[in-house]
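Student: Each chain, letter by letter, is given below.
Number of protein chains: 2
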Amino acid sequence: MIKIETCLTPEILSLHQLEGKIAVVTDVLRATSCMVAGLNAGVNSVIPVIKVEEALEYQKKGFITAGERGGVKVEEFTIGNSPFEHMQEEYHGKDICMTTTNGTVAITEAKKTAKEVIIGALLNVGTVAEYLKEQNQDIVIICAGWKGNPSLEDTLFAGALIHRLQDQAELTDDASFMALAQYQQANGKVADVIQNYASHAKRLSGLKAKSDLSFCAQEDYCSILPILNGEAITIKKN
Amino acid sequence: MIKIETCLTPEILSLHQLEGKIAVVTDVLRATSCMVAGLNAGVNSVIPVIKVEEALEYQKKGFITAGERGGVKVEEFTIGNSPFEHMQEEYHGKDICMTTTNGTVAITEAKKTAKEVIIGALLNVGTVAEYLKEQNQDIVIICAGWKGNPSLEDTLFAGALIHRLQDQAELTDDASFMALAQYQQANGKVADVIQNYASHAKRLSGLKAKSDLSFCAQEDYCSILPILNGEAITIKKN
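Just so you know, the protein sequences line up as chains S and R, in that order. Numbered continuously in my numbering, the first sequence closes out at residue 238. Numbered continuously in my numbering, the second sequence closes out at residue 238.
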């Protein structure tokens with residue numbers, strides 16, 4: 001049996017032992033959804049960094065820069081954190097350096113000790129589940145949350161992943177059980193639940209943000225597995 | 001509308017602003033259930049403290065001492081943290097000093113800034129809800145959790161409370177919505193869900209612990225409102 005634990009916010013990541021485990025990091029709105037959508041469309045790699053200054057160093061080296069602070073695009077950056085921006089044809093084959101309020105911090109933390117870091121979003125949740133079944137290793141699902149607080153959409157991702165793994169998995173903490181129950185309670189209407197109840201959805205306003213939200217809330221839109229190799233996230237080839 | 005937010009673990013309590021708000025602290029297994037059960041049976045007051053040494057100072061002054069470390073009764077203490085111990089006739093009219101791994105720490109933290117601290121358990125959740133409706137003030141529900149992690153039983157208490165308040169309340173964070181969904185998903189079978197899925201339930205073994213668990217999982221067993229007055233928790237009189 002695969003042992004699964006879920007960390008609902010990076011604030012309590014130190015309570016989780018990541019050594020020897022596969023970490024699956026998610027930030028559904030919108031960092032990891034952007035990464036998955038971009039890589040699936042043709043982006044070559046994404047380097048997650050913590051600080052705006054670090055991203056600007058990569059910009060000097062020719063990288064596309066992407067990301068936000070407090071939900072707003074960083075002025076000097078090429079693009080923000082709408083998945084549609086990351087999918088644009090002009091970035092196919094390009095390398096992106098990205099920094100966001102919650103998501104890239106969670107990835108950087110996970111990298112320090114986990115055996116492997118997988119990038120998950122609702123968009124590729126089925127593919128992540130299939131990969132984890134094959135690996136048959138213990139897993140920690142790390143939800144980026146919102147400024148230290150648990151978030152509904154990331155918890156639903158954890159539940160969607162656990163739902164797909166549950167025949168082969170043992171849930172070792174209450175957070176995993178709660179995430180699964182949350183997903184079951186959504187009863188196939190994950191997008192509606194996120195749109196109606198997630199506080200992050202209320203913070204996103206305007207037509208463009210609404211279409212980002214509908215896009216990011218789709219389960220199994222694509223079947224790629226982004227994995228962290230050294231500094232960069234790339235698609236794992238079979 | 002009453003604004004409600006939920007803190008799923010004291011580790012992130014600093015992200016919540018308690019000033020001017022009513023804090024409802026819960027530790028269903030078993031600190032606040034013991035307090036509620038004891039006070040309802042006839043205990044005069046309960047003083048929550050952080051350290052075993054502090055409790056032993058109260059013991060010298062004639063207090064009954066109660067509590068655990070890692071789920072085990074502290075050797076020098078009069079009683080542990082089974083609600084049945086707290087309900088014994090010999091403690092009616094007596095003052096108890098209590099320290100536990102998670103619950104008393106959460107109460108002590110809440111006391112620092114909240115306008116008022118209420119002690120909640122499934123046992124008295126309906127009475128807590130009625131009181132909060134009358135007060136019509138903003139609320140933070142603080143779940144004691146288990147060693148820094150969210151716990152299912154405390155989250156279910158939060159959901160049970162929010163469920164009773166929802167017509168008059170606005171949920172201001174995702175944790176509150178998730179707690180409510182968790183309670184709804186339990187579909188009237190809160191005790192079964194705790195017994196079958198809470199990791200804390202798995203840690204409790206033996207017949208005595210099982211009866212503690214069934215007892216603590218009861219909603220609306222009694223109708224008292226324990227409130228923190230200075231150092232001591234007592235029943236609030238109408």
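Just so you know, the hints here were simulated from the structure itself, not pulled from any lab data. Note that this is a predicted model, so its numbers are computed, not measured. Each residue gets a CB set at the ideal place from its N, CA and C atoms; glycine is no exception. Heads up, some of the hints might be wrong.
Capping the alpha-carbon separation at 25 angstroms, the derived lysine to any residue pairs in SDA-like fashion look like this [unchecked claim]: (1) R/K133 <-> R/T234; (2) S/K21 <-> R/K202; (3) R/K60 <-> R/I50; (4) S/K202 <-> R/D138; (5) R/K51 <-> S/L15; (6) R/K112 <-> R/Y197; (7) R/K3 <-> S/Y197; (8) S/K189 <-> R/E170; (9) R/K147 <-> S/T113; (10) S/K202 <-> R/Q168; (11) S/K202 <-> R/Q185; (12) S/K236 <-> S/M1; (13) S/K202 <-> R/I50; (14) R/K147 <-> S/G148; (15) S/K21 <-> R/E11; (16) S/K3 <-> R/S45; (17) R/K112 <-> R/N196; (18) R/K21 <-> S/S199; (19) S/K3 <-> R/K3; (20) R/K94 <-> R/T113; (21) R/K202 <-> S/Q17; (22) S/K94 <-> S/H163; (23) R/K147 <-> S/G80; (24) R/K210 <-> S/E170; (25) S/K3 <-> R/G62; (26) S/K189 <-> S/K94; (27) S/K3 <-> R/S205; (28) S/K60 <-> S/V72; (29) R/K189 <-> S/H163; (30) S/K3 <-> R/R203; (31) R/K210 <-> R/K237; (32) S/K51 <-> S/G80; (33) S/K112 <-> R/K112; (34) S/K236 <-> S/G93; (35) R/K237 <-> R/G126.
Computed Cβ-Cβ distance ranges for the label pairs, DEER-style [as the list claims (entries may be wrong)]: (36) S/D220 <-> R/G230: 53 to 61 angstroms; (37) R/Q218 <-> S/Q218: 39 to 47 angstroms; (38) R/K115 <-> S/K237: 56 to 64 angstroms; (39) R/L207 <-> S/N196: 40 to 48 angstroms.
Student: Are the hints correct? Go through all of them and say.
Tutor: Status of the hints after comparison with the structure:
1. R/K133 <-> R/T234: OK: R/K133 and R/T234 at ~20 angstroms, within 25 angstroms.
2. S/K21 <-> R/K202: The given pair, whose Cα atoms are some 23 angstroms apart, holds under the 25 angstroms limit.
3. R/K60 <-> R/I50: 17 angstroms, holds
4. S/K202 <-> R/D138: 20 angstroms, holds
5. R/K51 <-> S/L15: The given pair, whose Cα atoms are some 22 angstroms apart, holds under the 25 angstroms limit.
6. R/K112 <-> R/Y197: 33 angstroms, violated
7. R/K3 <-> S/Y197: 15 angstroms, holds
8. S/K189 <-> R/E170: Judged against 25 angstroms, a Cα distance of about 22 angstroms means the pair holds.
9. R/K147 <-> S/T113: 21 angstroms, holds
10. S/K202 <-> R/Q168: Holds, at roughly 20 angstroms.
11. S/K202 <-> R/Q185: Holds, because 24 angstroms separates the two Cα atoms, which is no more than 25 angstroms.
12. S/K236 <-> S/M1: 24 angstroms, holds
13. S/K202 <-> R/I50: 39 angstroms, violated
14. R/K147 <-> S/G148: Since the Cα atoms of R/K147 and S/G148 sit roughly 18 angstroms apart, the hinted pair holds (cutoff 25 angstroms).
15. S/K21 <-> R/E11: Distance ~23 angstroms between S/K21 and R/E11 Cα, so the pair holds.
16. S/K3 <-> R/S45: Violated - the C-alpha atoms of R/S45 and S/K3 are around 43 angstroms apart, more than 25 angstroms.
17. R/K112 <-> R/N196: The hint is violated at about 36 angstroms.
18. R/K21 <-> S/S199: This hinted pair holds, its Cα atoms lying about 21 angstroms apart.
19. S/K3 <-> R/K3: 37 angstroms, violated
20. R/K94 <-> R/T113: This hinted pair is violated, its Cα atoms lying about 28 angstroms apart.
21. R/K202 <-> S/Q17: Cα-Cα ~20 angstroms, so holds.
22. S/K94 <-> S/H163: Violated, because 34 angstroms separates the two Cα atoms, which is more than 25 angstroms.
23. R/K147 <-> S/G80: 38 angstroms, violated
24. R/K210 <-> S/E170: It holds: about 22 angstroms lies between the C-alpha atoms, which stays within 25 angstroms.
25. S/K3 <-> R/G62: With Cα atoms ~48 angstroms apart, S/K3 and R/G62 exceed 25 angstroms; violated.
26. S/K189 <-> S/K94: With a Cα-Cα distance of about 35 angstroms, the restraint between S/K189 and S/K94 is violated, given a limit of 25 angstroms.
27. S/K3 <-> R/S205: Holds, at about 22 angstroms.
28. S/K60 <-> S/V72: 22 angstroms, holds
29. R/K189 <-> S/H163: 21 angstroms, holds
30. S/K3 <-> R/R203: 17 angstroms, holds
31. R/K210 <-> R/K237: 33 angstroms, violated
32. S/K51 <-> S/G80: With a Cα-Cα distance of about 15 angstroms, the restraint between S/K51 and S/G80 holds, given a limit of 25 angstroms.
33. S/K112 <-> R/K112: Not satisfied, since the Cα-Cα distance of roughly 35 angstroms exceeds 25 angstroms.
34. S/K236 <-> S/G93: OK: S/K236 and S/G93 at ~15 angstroms, within 25 angstroms.
35. R/K237 <-> R/G126: Status holds; Cα separation ~16 angstroms.
36. S/D220 <-> R/G230: 53 to 61 angstroms: 56 angstroms, holds
37. R/Q218 <-> S/Q218: 39 to 47 angstroms: Distance hint for R/Q218, S/Q218 holds at roughly 42 angstroms.
38. R/K115 <-> S/K237: 56 to 64 angstroms: Given a distance of about 58 angstroms, which is inside 56 to 64 angstroms, the answer is holds.
39. R/L207 <-> S/N196: 40 to 48 angstroms: Holds - the Cβ-Cβ distance for R/L207 and S/N196, about 45 angstroms, lies within 40 to 48 angstroms.
In summary, the numbered hints that this structure violates are 6, 13, 16, 17, 19, 20, 22, 23, 25, 26, 31 and 33.
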